[in-house]
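Protein chains in written order, with the working numbering: chain A, 30 to 180; chain B, 5 to 239.
Worth flagging that the hints you see were computed from the coordinates, not collected in a lab. A portion of the hints provided could be inaccurate.
To be verified - If you want the ones that stay clear, here's a sample from chain B, every Cβ over 10 Å from chain A, calculated:
(1) R61
(2) A88
(3) G90
(4) A154
(5) A166
(6) H167
(7) Q169
(8) A175
(9) K181
Claimed, not checked - Okay, the calculated bits of chain A under chain B, using three or more residues with CB under 8 Å as the criterion:
(10) 31-45
(11) 132-144
Stated by the list, open to error - DEER-style ranges, computed between Cβ atoms:
(12) A:E122 with B:A51: 36 to 46 Å
(13) A:G62 with B:P182: 36 to 46 Å
(14) B:P49 with A:G62: 16 to 26 Å
(15) B:A32 with A:A158: 20 to 30 Å
Just so it is clear, CB atoms sit at the ideal spot from N, CA and C, and this is done for glycine as well.
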Amino acid sequence: MAGYFLAHGADDAEDLTSEVFIGVFAKLRSFRGDEEDLRAFVFSVAHHRWVDELRRRSRRGRTDPYDEQADPRWVPSAEADALSSIDARRARELVEALPPDQREVMLLRFFGDLTLEQTASTVGKRVEAVKALQHRALARLRKILEQAVSL
Amino acid sequence: MSLFDDDDDVMRRFRSCEGASAPADDVATFDAARALVRAGMPVLPPAANVDLASLLREGTPRRSRMNPLAKVAGLGLAGKLALAGGVALAASAGGLTVAGIATSGNSHAAAGLATAGADHGAPDHATPAVTDPTSSATPSNHGTCVSAVARATPEPSDSPNAHGQAVSAVAQSDCDKPASSGQGKPTSLPSQANAHASDHLSGKPSSLPPSHPTGKPSSLPPSHPTGAPTAPTGH
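The following block holds chain B by itself, in its conformation from the complex:
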């Protein structure tokens, strides 16, 4: 194998001379001189100096040329809404409320859902995931997220409309919205919905309540006609 694998390619290019014919003497001389000159040079690759070594080790420094406004402009509609909701919350709601929603939104939502269920006479042995607000597997959706904010007590120092604005902002945000589902569209396939329905008919409690097809919050789980344990199901 040649030290220079591209010899053939170079010579073919030279012989073709980019469309013009090269004299045979020139080709032979080029061949010989090139081989001679390249043979006289060291074969081992040179060692990188300190600067190149550090560059290879750490990579080229990356500079962000986008200013913050450009970054916001680059966000999608959902991202802008979520950002607007977060800003509105931070501006209007109390710091404690915001921190609570931001860090444990699912827990608040679950607590709200559990409270609603108790108010409307739902049985105590509802799905554990719903009744346990600290469970990490607690299901939540956009409605429960909005409900949690709506139920939060406004700070006395807040402006009169602050609470409403906060609820509105969260309602317009993507809080706990599934990424793949559109507004008002069912998140489960019909076959899955049927599976839930068959569970419901057989009296089996469903451990994973699907979101409501209409997008409404399912804070009021219907009681089962047979009196069996119920959970929010897809209709």
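Isolated chain A (complex conformation):
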């Protein structure tokens, strides 16, 4: 869940994750279904929470997140640098290369493990539209990955 928000570029992914689970707990009594349905339900709440966050950002303007590497007090750690910066940067580049609607579909598929039907239901589109978005997203991702390999 936190990965879903982080991949979206959320500054406060932990807080958003907590808010999602608060919302899930509030509606848990009315939930009916199995484990897969619960997962889809949780990510549906996360999707709507993210849409709310985007609306809020558009109203108040975006704040710059704290960048520890820009902080003069920060002392780089070789292990942390090696482990996280490369993967995180590459992942961010990959996700940010996608338009918002394709990104949303792919992140729900990547992190929520949602089926095409569940994804379509979550984002409020038809299954065919979600399939098309996924196909275009994968074509774009393939191009990026091929460029990375050739480099």
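Assemble the complex: chain A is given as a structure, and chain B must be docked to it using the hints.
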């Protein structure tokens, strides 16, 4: 072990593409992109914020949506009768009488039983549980409960029918009725009844008098033909 145990499941679902065949390129790209994106995210679970932590600690607040009338409607027949009996008692009998019955119904019942036994010439060395009204092991049944209310002196301020109504309410209630026995059914198995009967024949006093099979109050313990100590027994 993979960080994401459901990888296989997701990929199988993706490859099946819900019935449609996915291009091989798409599958490979999906695989690679997914692994790359997930690897770039932190593995450690996020810490809960204050609100979520308090929610997890205290649980979701439970609100009762049932109004009192709905709760009464939800009671079973026995519960409704017991409630009606209690309300009738509270309305008609004096506060002291009600408190006495409510808090020490068994003691009143035992006292009534002991008095009845003395009136009818029962021997003094009857079962201690019966003669000791303060004993917590005092046996009581529905009859003794009704008897205790019937013997209670009505308050002078009560209406003329109050005493009768109170007795009627208790008689219709489940006061001291065993939960598992139906009306008029024996509470003990035949073998247990026979055991009591054999005790009786051998002259042994039974310390636990069973309830009467007909449901009648056993306020009059029969005297033993041999003159041995008696106690209420199952017949």
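When I compare C-beta atoms, does the stretch 31-45 of chain A have three or more residues closer than 8 Å to chain B? holds (count 7)
Does G90 (chain B) really sit off the interface, with its C-beta more than 10 Å from all C-beta atoms of chain A? 33 Å, holds
If you check the beta carbons of G62 (chain A) and P182 (chain B), does the distance land in 36 to 46 Å? Given a distance of about 44 Å, which is inside 36 to 46 Å, the answer is holds.
Non-interface label on A88 (chain B), tested against every C-beta of chain A at 10 Å: Non-interface label stands for A88 (chain B): nearest chain A Cβ at 34 Å, farther than 10 Å.
Least C-beta distance from R61 (chain B) to chain A larger than 10 Å: Nearest chain A Cβ is 12 Å from R61 (chain B), so the label holds.
Check on Q169 (chain B) being off the interface with chain A, judged by Cβ distance over 10 Å: 44 Å, holds
Verify the CB-CB distance for P49 (chain B) and G62 (chain A) against the hinted window 16 to 26 Å. 24 Å, holds
Any Cβ of chain A at or closer than 10 Å to A154 (chain B), or is the non-interface label fine? 49 Å, holds
Mind verifying the non-interface call on K181 (chain B)? Its CB should be farther than 10 Å from each CB in chain A. 37 Å, holds
Okay, A32 (chain B) versus A158 (chain A) on CB: inside 20 to 30 Å? 23 Å, holds
Exclusion check [A166 (chain B) not at the chain A interface, CB over 10 Å]: Given that every Cβ of chain A is farther than 10 Å from that of A166 (chain B), nearest at about 47 Å, it holds.
Looking at H167 (chain B) again, its CB stays over 10 Å from all of chain A? 49 Å, holds
Going down the numbered hints, you'll see the structure goes against just number 12.
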